[in-house]
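Q: Residue-level listing of the chains:
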Amino acid sequence: MIIGALQFPPIENVVEWPAWFGQGQAYAFNKIAFINLLAAIITIVIFAIAGSKKQLVPRGVQNIAEVSVQFIRNEVIAPGIGHGGERYLPMLISMFFFLFFSNITGIIPLFNMPATARMATPIVLALLAWVWFIGVGLKHHGIRYITGALFPPGVPKPLYLLVTPIEFVSTFLVRPFSLAVRLFANMLAGHILLVTFSVLCITLWGFKPLVAALPLSLFMLIALTGFEVLVAFLQAYIFTILTAVYIGGALHPEH
Amino acid sequence: MSLLHHAIELASEATTTAADSAATTAADAKAAAGASSAGYAYGLAAIGPGIGIGYIVGQAVSAMARQPESAGMVRTTMFLGIAFTEALALIGFVVFILLKFV
Amino acid sequence: MLAAALLLAAEEAKKTVNPILPVTEEIVWAAASFFLLWMLMRYVFLAPVMRVMDEREGRLREARAEADSASSGADDAVAAYNARVDVARVEANGIVAAARDEAERYRARQLAEANAAIHAQRDQASAEVGAAKAAALAQLRTQVAGVAVSAASRVVQKDLALDAQLQVIEDYVNGSIEGGTR
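Going down the list, the sequences are from chains A, B and C. Take 1 as the starting number for the first sequence in the working numbering and just add one per residue. Take 1001 as the starting number for the second sequence in the working numbering and just add one per residue. Take 2001 as the starting number for the third sequence in the working numbering and just add one per residue.
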């Protein structure tokens, strides 16, 4: 063993978690699954409590729920979808809370792992958003949605040779991929940063000649933890508003 | 949990390095090349989005300073623009992970 | 034994994994959790919250409408008050103008009366003066005539007929006066 050298753990030790039960099965339940389930349950509990109170002046949990509904309405649906967007509120609000709680576990002690730093959660939600916005487009505009997206009006005919493949790739292939990768990579990067500075702190603690540098590393760790709170919120928000923008683009394709 | 893994890893390395040092040199060389190119990949991927995000935020700040009443709309649009621009850097980060750890 | 266990653990840990790719069981659980959340939110738990918010919004709107109507009522009252004040002001102005006219008329009347009285007095006084002047003149004239006749009779040493001389003097005086005034 090398004493005092900085030894970064292998990536699978940082992001992979052993199953709690059902090892090797499709229903294997590990920490990521637990966090996902917990995110769903916490959200449900918040809204169940908020819905059962019904006070004229909201306080506590009811306040959280109502503020978040207002937030999704005013900051996500209004700029993203525009009119007719109210009916997508349940999905968007579920998405926002699910992602936020899955993200925020990255800085909560004893979890220390954002569920979205694994590709599963982002890809599921991104594919859902993809299916959803294509479905909205087909439902409201029929096949003209696809043709309108692939052959944008006002473009000279020969340019369709160039425009159509680009539109196809950017609208129907890149969107879910970039949506998932954005969230996943942000959270994984944050997680790896936190792990790096934690490992650095531990190494400095055990390595007496450089123990004076420990406060710097610890300060960085704390600052990054605060930054990760912001990132957790921001990434949930961006994922939700991008979904809303895609749905809005499918609902009002003339814009 | 990861620390336990880490300890096991270190201990196992101590027991096994002598046994198959010859077999690991090729893998080590690949890992070293991967690690260095991973650094280049991420460093290069970060340049463009860094400039882009700086430009977006700067323009957004000047827009907000000019018209504070439309700050909310500008902020939303700014976050969207940052999200699109940042995607490039994040793809670079994914490439980094692929080169470094896989 | 321990070394074997460690080796096994190391083998398990060394198994190459791709940290980018999603894992089946995590996809299963993520999808299950999210669909659970979505369905429950959509059909059960979001509706009461939204209802409470809508109720509150409706109540706010009602209260605001009430406040608006109350404030418009207040505006009406203010307008009515202003209108009444205007009417009263016009009325007061009329009264003031009437009073002023009355006073003006009274003053004019008094002034005219006073002027008339003054004129009358002045006329009377000038008439009296004229009468007194005429009487004095007549008296003076007779005395002067008497004196002149007596003086003349003394000059001519003969009694002159007083009445005839008087007539002569009278004519002379009148002529001299007329000549004097001329």
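Worth flagging that the hints you see were computed from the coordinates, not collected in a lab. Note that the structure is a prediction, hence the values are computed from the model and not measured. All C-beta atoms, glycine included, are put in the ideal place defined by N, C-alpha and C. A few of these clues could be false.
What the hints assert, rightly or not - Not the full set, but computed from the structure, chain A residues with beta-carbon under 7 Å of chain B:
hint, residue
1, Ile11
2, Gly24
3, Ser178
4, Val181
5, Arg182
6, Ala189
Q: For every hint, state whether the structure bears it out.
A: How the hints compare with the structure:
{"no.": "1", "hint": "Ile11", "in the structure": "holds (4 Å)"}
{"no.": "2", "hint": "Gly24", "in the structure": "violated (19 Å)"}
{"no.": "3", "hint": "Ser178", "in the structure": "holds (5 Å)"}
{"no.": "4", "hint": "Val181", "in the structure": "holds (6 Å)"}
{"no.": "5", "hint": "Arg182", "in the structure": "holds (5 Å)"}
{"no.": "6", "hint": "Ala189", "in the structure": "holds (5 Å)"}
Hint 2 from the earlier list is the only one contradicted by this structure; the remaining hints agree with it.
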